[in-house]
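First residue of the sequence shown: 315, per the numbering used here; consecutive thereafter.
Don't take each hint at face value.
Label-pair ranges, simulated between beta-carbon atoms [claimed, not checked]:
#, residue 1, residue 2, range
1, D657, S349, 45 to 53 Å
2, E475, R404, 33 to 41 Å
3, A405, Y474, 32 to 40 Å
4, L584, R378, 17 to 25 Å
Straight-line C-alpha distance at most 30 Å; calculated BS3-like pairs for lysine-lysine [stated by the list, open to error]:
#, residue 1, residue 2
5, K615, K473
6, K461, K615
7, K473, K461
8, K615, K545
Treat the hints as calculated values from the structure; they're not laboratory data. The C-beta atom is built at its ideal place from N, Cα and C for all residues, glycine as well.
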Amino acid sequence: MIFLFLTSGLFLGWTLGANDAANVFGSAVGSRMVSFTRAAVIASIFVILGAVLQGAGASETLGRLGSVNAMGGAFTVALAAALTVYFMTRAGLPVSTTQAIVGAIIGWNFFTNNAVDTRALTQIVTTWITGPVLGALFAYALYHLVKITRRRIRTHLLKYESMLRFGLLIAGAFGAYSLGANNIANVMGVFVPSIPLVTTDFGIFTLTGPQQLFFLGAIAIAAGVLTYSRKVMETVGANLLELSSETAFVVVLSQALVLFIFSSSALSGLLVKAGLPPIPLVPVSSTQVVVGSVLGIGLYKGVRNINIKVLGSIASGWITTPVAAGVLAFLLLFFVKNLFGIDVGHSFNPPASTGEGISTATIIRYSIPALLAITAAYLIYLVLSEKKKTERLNKEYYK
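Generate the whole structure from the sequences, applying the supplied hints.
Below, the structure written as structure tokens:
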């Protein structure tokens, strides 16, 4: 029964992979510096690692916005957000999964007469502005730094392109990790209050119940990346602004830095120790950050280089997504409760742990070590392949 309710969250994870996770490598693929297959594999691996190892921070803030305390309610909220993002993605718009889940949770709050935590909502909505602004600032500064570095270093163009390609892979892996750590809250955060999974001790590490949920959600994200993300990659990477290898690297790195800032509890703690206000750990729209980063480069080059029409269509999706998700969630909650008699929101007492928790832990027991081994092997392969490619290009050049 638990896994039946989780299907909507897994579907939401798939839509996030098809849409938001594509932003990690969209600019790199759009500039033809990285193949889609390689980008999808790297993004999938590091999204899973980020979600499992560092996904708890942002989910707490999302939980304060609305604690969906019934599995039927969590199922319906996730389904409303997933359907909203899916249909927007079908239209070719890189919409925000964060805004979809926020709108759906607010719809649940209205339906169940629960108060909306205005502080949590303010923190989340603020990132809808600060996220793209920071992305634009980082991109502007990094692009200026890259241009200066390019003028000062004296290296062959082929070697420089090879360095950028490898840099794109590293920055993309970093961005995918940050995306998993930050955005897994959008996928599985609504299920945390109502899904009882036991904490499992593996000897050298322990996985909590939420971490097990995050792992399952990350698998769904990876599936979305691998199966349905190409169209959105092309929209972000090519249609919004013509991207060179340098601009692609800057966009990927800028997006990774912004997501990391809003995901790192360690960085937030350092600011507190220094007497500064902490950084809110909130789910950030990777779509908005990427578009902001591309816009920052466009401002550096001149506004005439930006496709304003595409930018306007993306902005309209940002406005309609939370509203559509909230209305759809309200309607679906009404039908689920009144037609099927399923509880969608009241005090929920978690039952004693059942076999579901054990079976999930068993899956993870074998999956995590295998994933780490695959990651290490693939990184070694990338390093060796890039080295061989550079050597081959140098030989051809000096012939």
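* Please write out, lowest number first, the hints stated earlier that are contradicted by the structure. => Of the numbered hints, all hold.
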